[in-house]
Amino acid sequence: MAEMDTSGGGHKKGPGVKKGKKLSTRIDLTPMVDLGFLLITFFMYTTTLAKPKTMEINMPYKDPNDKVEPNKIKESVALTVLLSKNHRVYYYEGMASDPTKPPDLKATTFAAKNGIRDEIIAKKKMVDDMKRAGTLTAKDEMTVLIKPDTTSSYGDMVNMLDEMNINDIKVYAIIDITDVDQNFIKETEVANGVK
Amino acid sequence: MTAMCDVAFLLLTFFMLATKFKPPEPVVVSTPKSISDITVPHGDIVLLLTVDAKGRIYVAMDDRPTRQSVIEMVNSDKDLKLTKEEMNTFVADASEGIPFSALKAYLDATPDQQKVDEVNAPGIPADTAVLAPNNELAEWIKAARTTNGKIRICIKADGAASYPSVQKIIKTLEGYKIFKFNLITDLKGIPVGTAAYDDAHKSDAKK
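Protein chains in written order, with my numbering: chain B, 1 to 195; chain P, 1 to 207.
Please keep in mind that the hints were generated in silico from the structure rather than gathered at the bench.
There may be inaccurate statements among the hints.
Ranges between beta-carbon positions, derived for each pair [what the hints assert, rightly or not]:
no.	chain 1	residue 1	chain 2	residue 2	range
1	B	60	P	197	52 to 58 Å
2	B	30	P	197	32 to 38 Å
3	P	108	B	47	52 to 58 Å
Calculated lysine to aspartate or glutamate pairs in the EDC-like style (CA-CA distance at most 20 Å, straight line) [as the list claims (entries may be wrong)]:
no.	chain 1	residue 1	chain 2	residue 2
4	P	171	P	139
5	B	170	P	139
6	B	170	B	75
7	B	170	P	37
8	B	74	B	149
9	P	180	B	56
10	P	177	B	141
11	B	85	B	149
12	P	171	B	141
Just so we're clear, the structure is a prediction, and the values are computed from it rather than from any experiment.
Using N, Cα and C, we set each Cβ at its ideal position, and we do this for glycine too.
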């Protein structure tokens, strides 16, 4: 393909004239093409893989001048999840709004099996059953309250938010952890011998 | 062969022109994974807040006119006494993790020294209260929002960063009544047998 006709038009040379050795002017293009394809592959990969994904998050509207914040969520639809250190997760049913009845705090992990996901699915099913039975109205939605404590990591929070998307939980909120909840964690840690 | 070569080089040219390389990042951040597949808003309207594993906060804006206006605003608000050259250095720079008190010295330094400073930077000081005097992050956000009302805030934090360091940012945003923002995550597959998995495959079946 990249050759030129260098035969010299075909005029005859005299007998004393030395014939110059004809060199081929064909260039081997294979390495260039190889390089070209290598670069194409590189650019194709970088263009598609460099696009990071994002998670949109809506925090509940809060106004410091607005003191009206009634607790509209029913105890029976709520699941409180506490995030603690070393990716540990604690959860209990309800919101622990009744101080005389301390909640039954259980520990779990983010594992795919027997982790927090199974608990969320079970709770969701329970709420659906209660809706069908008529104990809850159709308006009631399962609500997850996420309370990351000060020792938890950002990755845990994102993991938890992701679980909400995975399990199609419509109502959830990230809430500041209370001293009461901190104590629950401490008590459970002591009870389980966790340092 | 010639035709294929032509096509190959055409593609190469296209990809080379279409690629936009990532701006240099001051710190390495490994973002947590999520199943969310929304793409990040267009670069020009993003205020990117990077949080590394140690909880240091960096601010970055892609758009040069925005950076210009932001630094002018911060300069006059905080009385930093920056010169025109120092502000130009800021505009050319990709991201900032230097407190106001050290900003002038940082912008005066040589590019090599700046790289060292950036890595050792303490990060932008932040606080859970917007109006706290040491909440410099609030100042940056205010300047960016005043410049461009449509600016979107993206938080790119390391999965190992402690929650309180991210909480500071969230609280500051809430203080400005910004309740909607983006968290940058890596994509992961949807676990089989969950509500999201069923949902994704239901819409596939419809197609």
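**Request:** Kindly confirm whether 52 to 58 Å is satisfied by the beta carbon distance between residue 60 of chain B and residue 197 of chain P.
**Result:** At 28 Å between Cβs, range violated.
**Holds or violated: residue 170 of chain B to residue 75 of chain B, with C-alpha atoms at most 20 Å apart** = 17 Å, holds
**Prompt:** Lying within 32 to 38 Å: is that true of the beta-carbon distance residue 30 of chain B to residue 197 of chain P?
**Reply:** 47 Å, violated
**Message:** I want to verify a distance hint. Is the separation of the beta carbons of residue 108 of chain P and residue 47 of chain B within 52 to 58 Å?
**Reply:** 38 Å, violated
**Restraint status (C-alpha distance of residue 85 of chain B to residue 149 of chain B at most 20 Å)** = It holds: about 8 Å lies between the C-alpha atoms, which stays within 20 Å.
**Request:** Assess, step by step, whether the Cα of residue 170 of chain B is no farther than 20 Å from the Cα of residue 139 of chain P, and give holds or violated.
**Result:** 34 Å, violated
**residue 170 of chain B paired with residue 37 of chain P [C-alpha distance capped at 20 Å]** = Roughly 18 Å separates the two Cα atoms, so the pair holds.
**Message:** With the threshold set at 20 Å, check whether the alpha-carbon distance from residue 74 of chain B to residue 149 of chain B stays at or below it.
**Reply:** 24 Å, violated
**Item:** Given hint residue 56 of chain B paired with residue 180 of chain P - CA-CA distance at most 20 Å
**Value:** 7 Å, holds
**Request:** Quickly compare the C-alpha distance for residue 171 of chain P and residue 141 of chain B to 20 Å and report which way the hint goes.
**Result:** 27 Å, violated
**Item:** Straight-line alpha-carbon gap residue 177 of chain P to residue 141 of chain B, limit 20 Å
**Value:** Not OK: residue 177 of chain P and residue 141 of chain B at ~26 Å, beyond 20 Å, violated.
**Request:** Take a quick look at whether residue 171 of chain P and residue 139 of chain P sit within 20 Å of each other, Cα to Cα.
**Result:** Distance ~14 Å between residue 171 of chain P and residue 139 of chain P Cα, so the pair holds.
In summary, the structure is inconsistent with hints 1, 2, 3, 5, 8, 10, 12 from the numbered list given earlier, while agreeing with the others.
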